[in-house]
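Visitor: Top to bottom, those sequences are chains A and H. Heads up: the first sequence is residues 15 to 126, going by my numbering. Heads up: the second sequence is residues 124 to 235, going by my numbering.
Hint data in this document are derived by calculation from the structure and do not stem from the laboratory. Beta carbons are placed, not taken as given, at the ideal position from N, Cα and C, and that holds for glycine. Honestly, I wouldn't trust all of these hints.
Unchecked claim - Below, computed lysine-lysine pairings styled on BS3-like, alpha-carbon distance capped at 27 Å:
1. H:K227 <-> A:K97
2. A:K56 <-> H:K179
3. A:K56 <-> H:K227
4. A:K71 <-> H:K159
5. H:K191 <-> A:K56
6. A:K56 <-> H:K193
7. H:K193 <-> A:K71
8. H:K227 <-> H:K191
Said to hold, decoys possible - Where chain A lies over chain H, by a calculated footprint (3+ residues, C-beta under 8 Å):
9. 153-161
10. 164-172
11. 222-235
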Amino acid sequence: EPEVTQTPSHQVTQMGQEVILRCVPISNHLYFYWYRQILGQKVEFLVSFYNNEISEKSEIFDDQFSVERPDGSNFTLKIRSTKLEDSAMYFCASNIEGQPQHFGDGTRLSIL
Amino acid sequence: GEDVEQSLFLSVREGDSSVINCTYTDSSSTYLYWYKQEPGAGLQLLTYIFSNMDMKQDQRLTVLLNKKDKHLSLRIADTQTGDSAIYFCAESPNSGYSTLTFGKGTMLLVSP
Numbered sequence: 015e016p017e018v019t020q021t022p023s024h025q026v027t028q029m030g031q032e033v034i035l036r037c038v039p040i041s042n043h044l045y046f047y048w049y050r051q052i053l054g055q056k057v058e059f060l061v062s063f064y065n066n067e068i069s070e071k072s073e074i075f076d077d078q079f080s081v082e083r084p085d086g087s088n089f090t091l092k093i094r095s096t097k098l099e100d101s102a103m104y105f106c107a108s109n110i111e112g113q114p115q116h117f118g119d120g121t122r123l124s125i126l
Numbered sequence: 124g125e126d127v128e129q130s131l132f133l134s135v136r137e138g139d140s141s142v143i144n145c146t147y148t149d150s151s152s153t154y155l156y157w158y159k160q161e162p163g164a165g166l167q168l169l170t171y172i173f174s175n176m177d178m179k180q181d182q183r184l185t186v187l188l189n190k191k192d193k194h195l196s197l198r199i200a201d202t203q204t205g206d207s208a209i210y211f212c213a214e215s216p217n218s219g220y221s222t223l224t225f226g227k228g229t230m231l232l233v234s235p
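Chain H on its own, in the form it takes in the complex (with noise of 0.2 Å):
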């Protein structure tokens, strides 16, 4: 079945940059999503991409997507103390009514 892999921490200093990565295994993947979800608090759609772009870029965030690999990853520029979250990788073969399958997440700790 369909998996996706993330590694579970990142720890990054206030104004550097941060990178969340994930793997897939669906080579039918069509549709890619990053969700963020704070302490005590539901899913919140970051971003996301279709399978046939390679990046998409929307202020701070960066989405890079290498479909050969099946390897997604997120950046986040100038990280705040607010983005200190676990970020989920997510994917879809379509976007109608089709079931997600998310990673574990990747906890995020920014520092001052």
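Excised from the complex, chain A in its bound form (with noise of 0.2 Å):
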């Protein structure tokens, strides 16, 4: 069965660094989506992706983050200076009309 992968699956980063979260989404989805779940917490919506344009952002999506989709087959998330409480996981997701959204097994960022 086609997966969501993400890379890599653990990022340890200093404060005030910038980096890329990488994801690959299942080959035929359209829609694509990150979330972050912090420690003990919901998983929160953070943006949603679709024909090479953000759709939705959250609160939490601020000018530090960004989304790209480099190429046919990659979509990043991108955080310019990273903050101590920006430490969560991060999941990617996608999916088609009409479908659930499927998700990968995401990548714990740990700032320091």
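Both chains are given apart, each in its own frame, so use the hints to dock them into the complex.
Guide: And the structure:
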């Protein structure tokens, strides 16, 4: 069964550094998402992406965050200047119309 | 805004049935989902139900929806130790690029 794949599985970064989290959505999917889960808390929506542009974003997704689909397969989340509070598990998801979202295994981001 | 509530913990014995409950506030919720998260892993879609249904059965899983009370439940028959995980209820108003709103998750512990 096709899967959403995310790399790396764990990223450790110094505060203030830029980080890029990578995702390969399921190949025929058209809608892409990033969510995050701070340890012990709810999974929270960050951003959705369709037709090469952001469809919707939450309050969390401020100017420090950006998303990109640089080629036909990858979907990336960039955090420009990381803060301690960015430490979380970041999940990528994808779907097509009428179908549920499928999630990757996540990237655990640790900011030191 | 939308809110999804779940009880935080459920403990059962192997072979018993488990019932995990969820309530939601958004009356426009059209799709309701159950995701499973094992330790250190991603979010695995278990099952989902449309708001025009009141029940869906899939092998050991039964989902019941009371739309009037905005109450969703997941019943796992013959619960196994491998079912121990966190179960997330989530809702969305449509199936396109819509965001998912998650509950905090119910930790299910199955003892032998």
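Visitor: Each hint needs a verdict: does it hold in this structure or not?
Guide: Status of each hint after checking the structure:
no., hint, verdict
1, H:K227 <-> A:K97, "holds (24 Å)"
2, A:K56 <-> H:K179, "holds (25 Å)"
3, A:K56 <-> H:K227, "holds (5 Å)"
4, A:K71 <-> H:K159, "holds (25 Å)"
5, H:K191 <-> A:K56, "holds (25 Å)"
6, A:K56 <-> H:K193, "holds (20 Å)"
7, H:K193 <-> A:K71, "holds (26 Å)"
8, H:K227 <-> H:K191, "holds (22 Å)"
9, 153-161, "holds (count 3)"
10, 164-172, "holds (count 6)"
11, 222-235, "holds (count 7)"
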